[in-house]
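**Q** Sequence:
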Amino acid sequence: RPAPGGGMPASRAPLATAPKLKELMTRYYRDLQEAGTDPDRRIAWCSGTGPVEVLRALDLSVYFPENHAALIGASRQAGKYIPRAMQEGFSQFASSSMASDVGAMLAGDSPLVSVYGVAGPPAPDVLAYSTNYGYDLIRWFEYYGRHFGVPVIGLHPPAALDEIGPIEVDSASRQIFHLIEKLEHATGRRLDIDRLSEVVKLTNTCTRLWREILDMCRAMPAPLTFFDMLIHIAPSIVMRGTPEAVEYYTLLKAEIEERIASKVAAVPGERFRFFWEGPPIWPALRQLADMFLNQRTAVVASTYCDIAALDRIDPKNPIESMARVYTGIFHNRSDGFKEDYLVRRFRDFGIDGVVYHEGRTAPYQSNVRYGLEVRLRRRTGLHALVLEADTHDLRLYSTNQIMQKLRDFIEMQELASSDVG
2 RPAPGGGMPA SRAPLATAPK LKELMTRYYR DLQEAGTDPD RRIAWCSGTG PVEVLRALDL
62 SVYFPENHAA LIGASRQAGK YIPRAMQEGF SQFASSSMAS DVGAMLAGDS PLVSVYGVAG
122 PPAPDVLAYS TNYGYDLIRW FEYYGRHFGV PVIGLHPPAA LDEIGPIEVD SASRQIFHLI
182 EKLEHATGRR LDIDRLSEVV KLTNTCTRLW REILDMCRAM PAPLTFFDML IHIAPSIVMR
242 GTPEAVEYYT LLKAEIEERI ASKVAAVPGE RFRFFWEGPP IWPALRQLAD MFLNQRTAVV
302 ASTYCDIAAL DRIDPKNPIE SMARVYTGIF HNRSDGFKED YLVRRFRDFG IDGVVYHEGR
362 TAPYQSNVRY GLEVRLRRRT GLHALVLEAD THDLRLYSTN QIMQKLRDFI EMQELASSDV
422 G
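Here this note's numbering is used: the first residue of the sequence shown is 2, the next is one more, and so on.
None of these hints come from the bench; they were simulated from the model. Don't take each hint at face value.
[Claimed, not checked] Using 16 Å as the maximum straight-line C-alpha spacing, the simulated EDC-like pairs for lysine to aspartate or glutamate come out as follows:
| no. | residue 1 | residue 2 |
| --- | --- | --- |
| 1 | 202 | 321 |
| 2 | 317 | 195 |
| 3 | 254 | 216 |
| 4 | 254 | 213 |
| 5 | 21 | 245 |
| 6 | 21 | 248 |
| 7 | 339 | 374 |
| 8 | 23 | 245 |
| 9 | 21 | 164 |
| 10 | 317 | 164 |
| 11 | 183 | 199 |
| 12 | 339 | 164 |
| 13 | 81 | 110 |
| 14 | 202 | 291 |
| 15 | 339 | 163 |
| 16 | 406 | 389 |
| 17 | 406 | 291 |
| 18 | 23 | 248 |
| 19 | 406 | 359 |
Working from the sequences, and respecting the hints, build out all of it.
**A** Below, the structure written as C-alpha cells:
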C-alpha cells in the first residue's frame, strides 16, 4: 500500500484537501466497478494524454492503465507482476510500467483491491491511445486489444516539432475525426459536438487550474513539492473533462493560496530549489521525499507534472484545439523546443540544481539520452545530476546508491553556495 499521507513524510503539515482526494479517487474507481457490471454502460481504456474528451462525450466510462501502473509502482508491487509479463514474452528491456500493468492483469491482481476496495480494472469495450507520450503505448494497448478481443484505436500526432503549424494541426485533426468514426462504429453511439464542447470546456478549466497550482510553486518558500504534485495530479488525468476535477482543483488552489499568504513551506527552512526532469521513480517516492525534506531542498517543478497542464484547449473549436494541444505536449516536441522550455522553467522557478532521471525502461520519457543535459548545463550554468534508475523495476537500480548520489549532489550545491557567498 502507499504510505500514510499519500507517501509523504509524516513530519510535514498535510494538505487539508488530501482526504478529499482519497474520497474522489475511491468514488471514481467504484463507479468504474459498477460500470463493469452494468450491461447498458460501455468502458474505454485510454492513455493518460489520449483523447479522453471524445470518450466522455460518447458517454463512455474511462479507465487509465498508466495510472494503474503508477499505483503499482508507488505501492512497490511491480516486482511480483513483471515476471508474469516476462512469461508471456515481454523483454526485460520493455517498459517496466507496461510490464507491471500487464503482469498484474494476467495475475488477476491489482493494488486497487487494497487501496480503493474494488475488485480491479473493469474489462474494456474499446481502447484508445495517443503516441504523444511514447511509442511503447502502441504495444501496450495492442496487447490488451488482443487479450480482450476489442478494437484498438490510436492517434499518431506529428512528433519532434519546434513549431506546430496548420499542416500539423490539419493532420492531427483528421486523425481525431477518423478516431470518432471508429469509436461510433465500435460503440453504436453518435458523437454530439455540443456535448464534446461541454467536456472540452471542463478540461480547459481543470487544466488551467492545474497550471496555476503548479506555477504557485514559484513562491519562496514553495507551498508544494514534486512529491505532492505526483499525488494531486491524479484527477487531471483520470477525471479530465468532468466537473469533479474542476471542483477538486478549485479547492486545492484555494488551500495553496492560503499557504502562500501564510508562508507555509512544503520544506521548512528551504535552502535549495531543484527541478526534476524525467519520469518519477515510483517505488522510491517516500524515501526521496524524506531525504529532500531532511536536506531542506524543495523539488519545486517538473515536466512530468506539466503534461496535465493543457494550455488553450478551446470549447468553441474542440477538435482543432485538441489536435493542437495534444500534439504540443512536451514529450512529443523537438529537443530544441524542450531545451528552450526548460530554460524558461528553470528561470521562472528560481532553480538551483536539476535532477535528471534516465529511466532505463522509459526512453520516451527520459530526455537526457541525446545530450540535452549537457546543452542545458552549458547554457544555464546550473549544476545537474543524472540518475540512472527506473520507474518501476527495483532490480535495475539501488535505492541506497541514488540516495547517496543525491546527498553528494546537495553537498556540492552547499559548497558552491558558500563559495558564492
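**Q** Given the hint that residue 21 pairs with residue 248, test it: the Cα-Cα distance must not exceed 16 Å.
**A** 11 Å, holds
**Q** Is residue 406 close enough to residue 389, meaning Cα to Cα at most 16 Å?
**A** Within the cut-off at roughly 11 Å; holds.
**Q** Sort out whether residue 164 lies within 16 Å of residue 317, counting only the CA atoms.
**A** Roughly 23 Å separates the two Cα atoms, so the pair is violated.
**Q** Residue 21 and residue 164 were given as a pair; does the straight-line alpha-carbon distance stay at or below 16 Å?
**A** Not OK: residue 21 and residue 164 at ~39 Å, beyond 16 Å, violated.
**Q** Quick one, are residue 339 and residue 374 close enough, alpha carbons at most 16 Å?
**A** Distance of about 11 Å is within 16 Å: holds.
**Q** Checking one constraint from the list: CA of residue 317 to CA of residue 195, max 16 Å. Satisfied?
**A** 9 Å, holds
**Q** Taking 16 Å as the top limit, are the C-alpha atoms of residue 21 and residue 245 close enough?
**A** 11 Å, holds
**Q** Please work out if residue 254 and residue 216 have their alpha carbons no farther apart than 16 Å.
**A** 11 Å, holds
**Q** Quickly compare the C-alpha distance for residue 23 and residue 245 to 16 Å and report which way the hint goes.
**A** Distance ~13 Å between residue 23 and residue 245 Cα, so the pair holds.
**Q** Going straight from one Cα to the other, do residue 202 and residue 321 come out at no more than 16 Å?
**A** Status holds; Cα separation ~14 Å.
**Q** Do the alpha carbons of residue 406 and residue 291 lie within 16 Å of each other, as the hint requires?
**A** The given pair, whose Cα atoms are some 15 Å apart, holds under the 16 Å limit.
**Q** Hint check: residue 254 vs residue 213, CA-CA at most 16 Å. Holds or violated?
**A** The given pair, whose Cα atoms are some 8 Å apart, holds under the 16 Å limit.
Comparing the model with each numbered hint stated earlier shows that hints 9, 10, 11, 14 do not hold.
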